[in-house]
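Go by the hints and put chain B onto chain A.
Protein chains in written order, with this note's numbering: chain A, 497 to 636; chain B, 497 to 636.
It cannot be assumed that every hint is accurate.
One copy or two, either will do: identical chains are not told apart, so a pair holds if it fits within one copy or between any two.
[Stated by the list, open to error] DSBU-like cross-link-like pairs, simulated, lysine-lysine; straight-line CA separation at most 30 Å:
#	residue 1	residue 2
1	545	608
2	506	619
3	543	608
4	543	572
Worth flagging that the hints you see were computed from the coordinates, not collected in a lab.
There are 2 protein chains.
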Amino acid sequence: MNDYKFSDIKIGLGGGLSVNITQEMVDTFCKITGDINPLHTDLEFAKSKGFQEKVVYGMLTSSFLSTLAGVYLPGKNSLIHEVNILFKKPVFLSDSPISIEGKVIEINEIFKQFTIKFEIKNKNGDKVSRGTMKVGVLDE
Amino acid sequence: MNDYKFSDIKIGLGGGLSVNITQEMVDTFCKITGDINPLHTDLEFAKSKGFQEKVVYGMLTSSFLSTLAGVYLPGKNSLIHEVNILFKKPVFLSDSPISIEGKVIEINEIFKQFTIKFEIKNKNGDKVSRGTMKVGVLDE
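The shape of chain A in the complex, shown without the other chains (with noise of 0.2 Å):
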């Protein structure tokens, strides 16, 4: 895990991670939130709307930003403020690895926080989703 100061923090500063996303965390997902729409759990509602395959759920796929800043950027010391995602593309299961891509774009030293911009991007570089993270550091 990174521990990055507040003074650390630099505009281009970048992190990231991939993740490999698989049908126990789809199926999972669906148990934790109740969210039991078919478009995510059953293949031929999700074919009778175009789609080649079940969509796995955006917010799973959003989920790993927690990861971003509590793990890479800054590590340690976050504390997310605020969360903008712009969906793409539909993620399949057959996109995986699906990368979470971060770089630092703005820095407030009157709250202690940056701004991530990030891409969230399928197995062929796809941009599936993208959009900025407001981060603090509590490094106090």
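The following block gives chain B in isolation, referenced to the frame of chain A:
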């Protein structure tokens, strides 16, 4: 599960759910995401940062936005396009159950998309996060 068609979506239409957050959910979220940040797993560390309890992952409480759209608003024909979340207060296990409530505030006929304004509150009625989601309706 609701099954609203795009033509059923009106400004002011609401939906929501109440969720009991458990230690098991937190442990499972940790395992899936790999976010081993001690703010969420180590009481002494959380106390050293000024919190009375371990902090529940913000992206775990946000996961129920998937359920809000996929089961309730609009339900079956849901596809989330965009999510914007502002975290206002940390969530602790003792804050549970939390409520996730949304209301339609804008409708886009061109994209067959609508905007939900949502609030997540703890059991005391304190707002812990709020934001907006843009959701598409796949009813064709």
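Here's how the hints hold up against the structure:
1. 545 to 608: For residue 545 and residue 608, only the inter-copy Cα distance (14 Å) is at most 30 Å; the intra-copy one is 45 Å.
2. 506 to 619: Close inside one copy (29 Å), not across copies (39 Å); limit 30 Å.
3. 543 to 608: between (47 Å within a copy, 19 Å between copies)
4. 543 to 572: between (42 Å within a copy, 14 Å between copies)
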